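Those protein sequence lines, which keep their order, are chains A and B. Residues 1 to 358 in our numbering are what the first sequence spells out, letter by letter. Residues 1 to 358 in our numbering are what the second sequence spells out, letter by letter.
It is worth saying that the hints were derived from the structure and are not from the lab. All of these numbers come straight from a predicted model, not from anything done at the bench. Among these hints, one or two may not hold up.
Where chains are identical, the list cannot tell them apart; a pair therefore holds if satisfied intra-copy or between any two copies.
[To be verified] Mimicking DSS-like on lysine-lysine, the simulated pairs with C-alpha atoms at most 30 Å apart in a straight line are:
(1) K338 x K311
(2) K82 x K56
(3) K323 x K218
(4) K322 x K56
Number of protein chains: 2
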Amino acid sequence: MARIGILGAGQLGQMLALAGIPLGMRFRFLDSAAGSPAGQVAEHIVADYHDGAGLKQFLEELDLVTYEFENIPLDVVEEISKIIPVYPPAMALEKSQDRFLEKSFFRTLGIPTPEFARATDPGFEFPCVLKTCRMGYDGKGQFLVTNENERSQVLKQLGDRDAIQEQYIQFERELSLLAVRARRGETRFYPLIENTHRDGILRKSIAPAQDVNPGLQKSAEEYAISILNTLDYIGVLAIEFFQVDGKLLASEMAPRVHNSGHWTIEGAVTSQFENHLRAVSGAPLGDTSPLGVCGMLNLVGGSPPVEEILKTEGAHLHLYGKKAHPRRKIGHVTFVEKDLAELTVKLGELEKTLIDDR
Amino acid sequence: MARIGILGAGQLGQMLALAGIPLGMRFRFLDSAAGSPAGQVAEHIVADYHDGAGLKQFLEELDLVTYEFENIPLDVVEEISKIIPVYPPAMALEKSQDRFLEKSFFRTLGIPTPEFARATDPGFEFPCVLKTCRMGYDGKGQFLVTNENERSQVLKQLGDRDAIQEQYIQFERELSLLAVRARRGETRFYPLIENTHRDGILRKSIAPAQDVNPGLQKSAEEYAISILNTLDYIGVLAIEFFQVDGKLLASEMAPRVHNSGHWTIEGAVTSQFENHLRAVSGAPLGDTSPLGVCGMLNLVGGSPPVEEILKTEGAHLHLYGKKAHPRRKIGHVTFVEKDLAELTVKLGELEKTLIDDR
Chain A
1 MARIGILGAG QLGQMLALAG IPLGMRFRFL DSAAGSPAGQ VAEHIVADYH
51 DGAGLKQFLE ELDLVTYEFE NIPLDVVEEI SKIIPVYPPA MALEKSQDRF
101 LEKSFFRTLG IPTPEFARAT DPGFEFPCVL KTCRMGYDGK GQFLVTNENE
151 RSQVLKQLGD RDAIQEQYIQ FERELSLLAV RARRGETRFY PLIENTHRDG
201 ILRKSIAPAQ DVNPGLQKSA EEYAISILNT LDYIGVLAIE FFQVDGKLLA
251 SEMAPRVHNS GHWTIEGAVT SQFENHLRAV SGAPLGDTSP LGVCGMLNLV
301 GGSPPVEEIL KTEGAHLHLY GKKAHPRRKI GHVTFVEKDL AELTVKLGEL
351 EKTLIDDR
Chain B
1 MARIGILGAG QLGQMLALAG IPLGMRFRFL DSAAGSPAGQ VAEHIVADYH
51 DGAGLKQFLE ELDLVTYEFE NIPLDVVEEI SKIIPVYPPA MALEKSQDRF
101 LEKSFFRTLG IPTPEFARAT DPGFEFPCVL KTCRMGYDGK GQFLVTNENE
151 RSQVLKQLGD RDAIQEQYIQ FERELSLLAV RARRGETRFY PLIENTHRDG
201 ILRKSIAPAQ DVNPGLQKSA EEYAISILNT LDYIGVLAIE FFQVDGKLLA
251 SEMAPRVHNS GHWTIEGAVT SQFENHLRAV SGAPLGDTSP LGVCGMLNLV
301 GGSPPVEEIL KTEGAHLHLY GKKAHPRRKI GHVTFVEKDL AELTVKLGEL
351 EKTLIDDR
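Next up, chain A with everything else stripped away, as it sits in the complex:
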């Protein structure tokens, strides 16, 4: 029975535990926030990542450590790696924690990205997006600027934080790829997912993304393979792309299970959560085939009553046990339908009832 430690105790951790318990795995979480979602289903050490005593207690009798959040301090992961295995490897965390490193890494591997430069580099074309290099998520720390004056103001606001300027992309759509690589190097891919964000927060995912030609899926997988193998990666990796002129530009990656893959719980033979756990524990990977046309809606900022959601036939509800709060993801709902038409009806019904921070 594998005893797995997870850094971070949010909903991703909770869903990892719910997927792993039936495989005979047991979990312990480390996170400074008491009452976190994962702590409601497994042991939770409430301590700062840099708290030596907490870390020691966390590591007791674990077989391996993984993480559900990429803003874990790198030094903590490196320290743990000296004692027991940590998957995905620290190198993946390092690259994904810094937007400049991340995009440079993509470019090194020949993966197309939007144009980018250090925010302090002059002569970058407008409009562009200024982003803090670190700790940005759900649209935090991102600013669209259209002229030199706006740029200076944002730079002043960011103070001495490292920032990146990126070409403003008018994309056709946003897609993501979930890849998983096992300890023995075996890799599998879920089909490309189409994602809709609003105010920087993921609202909806459709999988498989519609109108994806085989070339597009192949490109995405080739980019993923190149990242996975270069990093000797183990676990689930998410890569977010912009689709522009029918081609992919890599936007960012997350070295963990990903919100755009929640549909895999009911919508794929093996969920991203189970496959991540299979990968890190050294088990064979599971089938990533989709079981229908899947749609996922995030419950952001609040949720309609449970009864209201469940009365829509086929609604798979996931509440994380978090207090409602503006812009906070407190749950999601997945549908697995025969075709896009049916899915659209179901999603439409639910969207009408969403209590959202519009």
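Model the placement of chain B on the given structure of chain A, informed by the hints.
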């Protein structure tokens, strides 16, 4: 957020909790056995059902109580019912705790059963099966007798325990029906399931059962409706049948989620566990449609290594966190396939590796 108390903390309780946590429900279990499966995923009060202090602690701030085991003392359930709702109703528990009452109840409703009589009644035809009226499960307390001498010996062995004698049925096969009834009286049915027992223990379930004509499914559902409505039943009810000459004879019922319905976790739109929780919590019921041809194998007495199981594509593993022990169910594996031929191959692969108490 519904707070649900569950009497009994075995694997059925564990799977109820795993199904209910994503619905925002929280669980507390009462069971005298420390280290029980459900206690590994939720709060577990380790106390005897008749321990007043334990019961009080168990009931604190609960919204309702249900059970995962039908041999809960009836007086305890009746006492709890005075304080907060208990579903399914105590009457269902009473009927299913005593084989004589149960079969008499079936007959009252016009549901065919094998011939039966009190074990002490003379003149019953041989061969017949003597069974204790109470506390029998997994084949315990059952004896095939072929003559008066054997019958006397068994009766002596049973001492003053109530027993029933039943016609020995040479059935074509064993089938079960899972029905669910909501608080508002809405009912749904899963398709009939074909079950294979060995030494009185369920080994394999196939769902939907093959070669079921619509009449057979309809009969089963009519019998179920009659039981559900008579008892004003709320929750999942399992009924086990013998198929004889293409017709159904009711063998027994269980007022709870059932081993023959474990395939519904991956194999139906809504699992029996989720539907039981939807029913008892007053939510609308979920779709019971199967997602393919499903097969479930119990892991009895032990399990092959996890890696061995997971390398068969499509294997959905469920380990309950129980110590291996002869005749003990410690987990199960489900496959959901396109057709019976594929399913048969998958089940065959796994069956070869089973560490069983043959």
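Hints, one by one, checked against the model:
Taking the closest pair of Cα atoms, K338 and K311 come within 30 Å of each other both inside a single copy (19 Å) and across two copies (28 Å). In the homo-oligomer, the alpha carbons of K82 and K56 lie at most 30 Å apart inside one protomer (13 Å), although the nearest pairing across protomers, at 48 Å, exceeds that limit. Taking identical chains as interchangeable, the C-alpha atoms of K323 and K218 are never at most 30 Å apart, the minima being 41 Å within one chain and 45 Å between chains. For the homomeric pair K322 and K56, the shortest alpha-carbon distances inside one copy (27 Å) and between copies (28 Å) are both at most 30 Å.
The earlier numbered hint that this structure contradicts is number 3, and it is the only one.
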